[in-house]
Amino acid sequence: MDLSVPPDITFVVLTTITLLAAILALQAKELIYGAISLGISFIGIAGFFVSLDAPYLGMLQIAVYVGAVVVLILFTIMLVRREEADKEEAGEGGEGAAGLWIAGLLAVSIAGVAALAGPNLPISPPATNLPISQLGPVLTGTYPVPLIILALLLSGALLGALVLAKIDR
Amino acid sequence: MNLPTTPAELLPFIIAVVTSHTFITLVIFPGFIHLTVVVMFLTWYERKLLARIQLRIGPLYAGGPGGILQPIADGVKLIFKEVMIPYKADKPLFLGIPLALVFLGALPFAVIPFGQHWVIANLDVGLVFIFAVTSLFPSMILIFAWASNSKYPFLGGLRSLFQQVAYEIPMWISALSVVMLAGSLNLVQIVTAQQRIWFIVPAFLSFIVFFIATMAELERLPFDLPEAEPELVAGWYTESSGAVFMVIFLALYMKLYLMSSLITVLFLGGWWGPAFLPQPVWFILKALVVATFMIIPRGVYPRLRVDLLIKVGWTRLLIIALANVFITVALLSTGVLSAWGL
Amino acid sequence: MSAALLGIGIYGLSVKRNAIRILFSVELIVNAANLNFIAFARYMNPPHVSGQVIVFYSIAAAAMEAAVGLALILVAFRLNSSIDVRKLNKLKG
Amino acid sequence: MALNPWLLIVIWGVILIVLTGPMLTLPMFWSRRKPDQFRDMPFESGQVPQGEARKRLVMQYYPYLLMFVVFDVVAMFLFAWGISFTSIPASDSFPVLVFLILLGAPLGYALKMALRRENW
Chain A
0 MDLSVPPDIT FVVLTTITLL AAILALQAKE LIYGAISLGI SFIGIAGFFV SLDAPYLGML
60 QIAVYVGAVV VLILFTIMLV RREEADKEEA GEGGEGAAGL WIAGLLAVSI AGVAALAGPN
120 LPISPPATNL PISQLGPVLT GTYPVPLIIL ALLLSGALLG ALVLAKIDR
Chain B
0 MNLPTTPAEL LPFIIAVVTS HTFITLVIFP GFIHLTVVVM FLTWYERKLL ARIQLRIGPL
60 YAGGPGGILQ PIADGVKLIF KEVMIPYKAD KPLFLGIPLA LVFLGALPFA VIPFGQHWVI
120 ANLDVGLVFI FAVTSLFPSM ILIFAWASNS KYPFLGGLRS LFQQVAYEIP MWISALSVVM
180 LAGSLNLVQI VTAQQRIWFI VPAFLSFIVF FIATMAELER LPFDLPEAEP ELVAGWYTES
240 SGAVFMVIFL ALYMKLYLMS SLITVLFLGG WWGPAFLPQP VWFILKALVV ATFMIIPRGV
300 YPRLRVDLLI KVGWTRLLII ALANVFITVA LLSTGVLSAW GL
Chain C
0 MSAALLGIGI YGLSVKRNAI RILFSVELIV NAANLNFIAF ARYMNPPHVS GQVIVFYSIA
60 AAAMEAAVGL ALILVAFRLN SSIDVRKLNK LKG
Chain D
0 MALNPWLLIV IWGVILIVLT GPMLTLPMFW SRRKPDQFRD MPFESGQVPQ GEARKRLVMQ
60 YYPYLLMFVV FDVVAMFLFA WGISFTSIPA SDSFPVLVFL ILLGAPLGYA LKMALRRENW
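Protein chains in written order, with numbering that gives the first Met the number 0: chain A, 0 to 168; chain B, 0 to 341; chain C, 0 to 92; chain D, 0 to 119.
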């Protein structure tokens with residue numbers, strides 16, 4: 000039974016989900032809805048990772064972004080919640096259009112470069128899978144120093160966030 | 000096998016699909032029907048067991064031996080009850096989140112191997128997949144609590160969030176030693192590696208940590224603060240009624256079964272057992288035993304205070320789990336376990 | 000695809016006034032970059048795992064950035080009782 | 000016939016949506032729909048609810064959440080290392096252990112901060 004999904008369909012579906020959710024994340028009236036659609040957008044990106052032979056990273060994406068960061072965002076939204084904070088920002092008109100123009104130009108130019116360069120990229124056959132067990136050795140064997148630096152970064156971020164969030168009395 | 004082109008080919012095609020292993024795994028055995036039956040059985044089983052502990056009789060009149068048809072009666076009753084949506088509640092979220100909870104509770108069953116060939120999707124990153132999916136629960140619960148626009152759910156949801164967040168990390172890190180022992184994240188391979196010895200022996204400490212963390216994740220007594228009846232009525236699902244309640248209830252028992260299955264896979268040797276019973280039977284029996292041990296404390300223990308609970312999670316369990324990683328490193332590198340082929 | 004995501008992110012960054020939404024935008028931009036890393040690692044010949052490792056670090060860094068950013072938002076909110084970045088232009092709280 | 004496991008998971012998800020969706024959408028058809036101010040009131044033990052339910056939260060447990068985000072990442076790193084622990088040389092595991100020890104210090108500090116209730 001030939002039930003393998005052509006990669007194009009996967010791509011189209013995931014793109015639609017991700018982009019719509021991303022737009023909604025920025026435009027939703029309620030911040031809570033924004034956070035939820037941000038989560039959906041992240042899940043879409045995780046789907047991309049999976050379809051690009053990086054399932055472990057896809058799972059990492061879901062666990063870290065959707066599981067942790069979105070919870071943090073939700074909690075912060077609820078912490079800073081005020082009636083004003085919920086209202087959609089007024090007076091976006093002129094600047095909104097300008098922002099749209101900048102963003103649009105940038106996206107189109109990048110897409111243009113990609114479209115020009117795209118056909119020249121060597122497309123490797125999909126048969127060569129990247130096993131997840133390869134990730135560990137490369138992580139620890141090839142890049143040990145970034146790992147230590149990352150530990151310092153994590154420590155620094157944790158301490159910094161704690162000190163920032165502390166109430167001075 | 001090709002897709003049918005003429006109507007005459009349709010019937011053989013359907014028969015071929017329905018009898019294919021994939022279809023059976025998806026719909027019947029580790030799939031939907033099996034899940035529904037076991038989850039319904041668990042709701043009855045918990046009530047009956049608790050009743051016995053407390054010298055009561057429990058469900059009796061719904062039919063079958065010991066009122067085993069009680070879940071069906073409950074389901075019919077709840078479906079036809081009125082769904083009350085609280086004033087000013089966020090309606091789409093209030094109705095959508097329970098469905099999402101059931102979905103998330105049932106989705107990880109796709110990667111749990113109930114037997115050597117009884118698994119829906121033999122995923123290479125199965126364990127991490129389960130963790131990724133279960134890590135979505137806290138945010139769902141928080142959103143649901145927020146959506147119902149009522150104070151009890153909100154407080155319960157917050158407690159639930161912090162509890163699950165506090166116990167998720169010890170749970171993962173204690174599972175790490177199993178992963179190190181098996182050298183794989185694929186649940187089928189993890190079980191295969193336990194053919195000679197169940198991982199509960201070399202990783203006993205992490206089994207304890209994992210079990211406690213699981214109990215906390217499931218919000219079962221003594222960790223059931225989010226739904227502490229005297230204080231918070233029913234916690235984050237106080238406002239749910241009728242079908243919404245039924246769906247949430249289903250999701251909770253789904254998660255109970257999921258976690259028992261996960262413990263079975265990680266520590267209790269999955270489907271391995273003497274050959275006089277088929278593999279899936281062994282698996283389900285083990286999972287039910289684990290579930291029993293999770294239910295029993297509900298009849299026995301009081302509950303903790305919320306800040307103590309979170310404190311225990313972060314200070315004790317996390318430290319033990321991290322220490323356990325070092326122990327496993329030591330065990331593996333000194334080769335003590337080589338007798339079992341590890 | 001990645002470019003469009005980046006575009007949305009930059010749009011949000013330049014237009015929105017709510018600090019939390021700005022954080023959303025930053026996350027989207029980081030994710031667009033991650034996606035490119037993965038895609039290029041995948042289409043290299045032969046496929047190489049380094050791209051994935053970089054994304055590994057990138058996700059970690061972005062999560063930390065979100066944590067610190069949200070803590071900053073909290074502080075700003077506590078000092079000014081507003082999370083509108085256009086009201087946060089004073090150096091004195 | 001070996002299907003891609005991810006495709007199987009997608010199929011499983013679709014089955015779940017199709018079969019569990021009706022549990023909540025069908026009852027909506029026969030459930031009462033007319034809004035009723037008193038019956039739809041949030042449950043507060045028979046009292047009339049007062050004030051806003053979606054209050055601003057307390058800060059008290061915020062540090063735990065921060066710790067969660069950090070250790071989420073750490074756990075994922077450890078998993079990547081753990082799967083290949085037996086197959087990599089012991090010297091390669093050394094950075095990971097250093098990594099863990101380095102993280103012990105902020106963990107201790109965060110716990111100390113989080114346990115001191117008067118800070119929040």
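Since the hints were derived computationally from the structure, they do not count as laboratory data. Predicted model, so just to flag it, every value in this text is computed and none were measured. Heads up, some of the hints might be wrong.
Each computed DSSO-like pair below joins lysine-lysine, with the alpha-carbon atoms no more than 30 Å apart [claimed, not checked]:
1) D:K111 x B:K310
2) B:K76 x B:K47
3) B:K90 x B:K76
4) B:K80 x B:K47
5) B:K80 x B:K90
6) B:K310 x A:K28
A partial selection of chain D residues facing chain C, derived with a Cβ cut-off under 7 Å [to be verified]:
7) L65
8) V68
9) M112
Where a beta carbon is used, it is the ideal one built from N, C-alpha and C, also for glycine.
Right, here's what the structure says about each hint:
Of the pairs offered as hints, the one joining K111 of chain D and K310 of chain B holds, with about 11 Å between alpha carbons and a cut-off of 30 Å not exceeded. Restraint check for K76 of chain B and K47 of chain B: satisfied, since their Cα atoms lie roughly 19 Å apart, inside the 30 Å limit. With a C-alpha separation of about 23 Å, the suggested pair K90 of chain B and K76 of chain B falls inside the 30 Å cut-off, and the hint holds. For the suggested pair K80 of chain B and K47 of chain B, the alpha carbons sit about 24 Å apart, so the restraint of at most 30 Å is met.
Pair hint K80 of chain B plus K90 of chain B holds up; C-alpha atoms about 18 Å apart against a cutoff of 30 Å. Distance restraint check for K310 of chain B and K28 of chain A: the Cα-Cα separation of roughly 37 Å exceeds the 30 Å cut-off, and the hinted pair is therefore not satisfied. Because the beta carbon of L65 of chain D sits about 6 Å from the nearest beta carbon in chain C, less than 7 Å, this interface hint is met. With a least beta-carbon distance of about 5 Å to chain C, the hint placing V68 of chain D at the interface is held under the 7 Å criterion.
Because the smallest distance between the Cβ of M112 of chain D and any Cβ of chain C comes to about 13 Å, over 7 Å, the interface hint for this residue is violated.
Checked against the numbered hints above, the structure violates hints 6 and 9; every other hint is satisfied.
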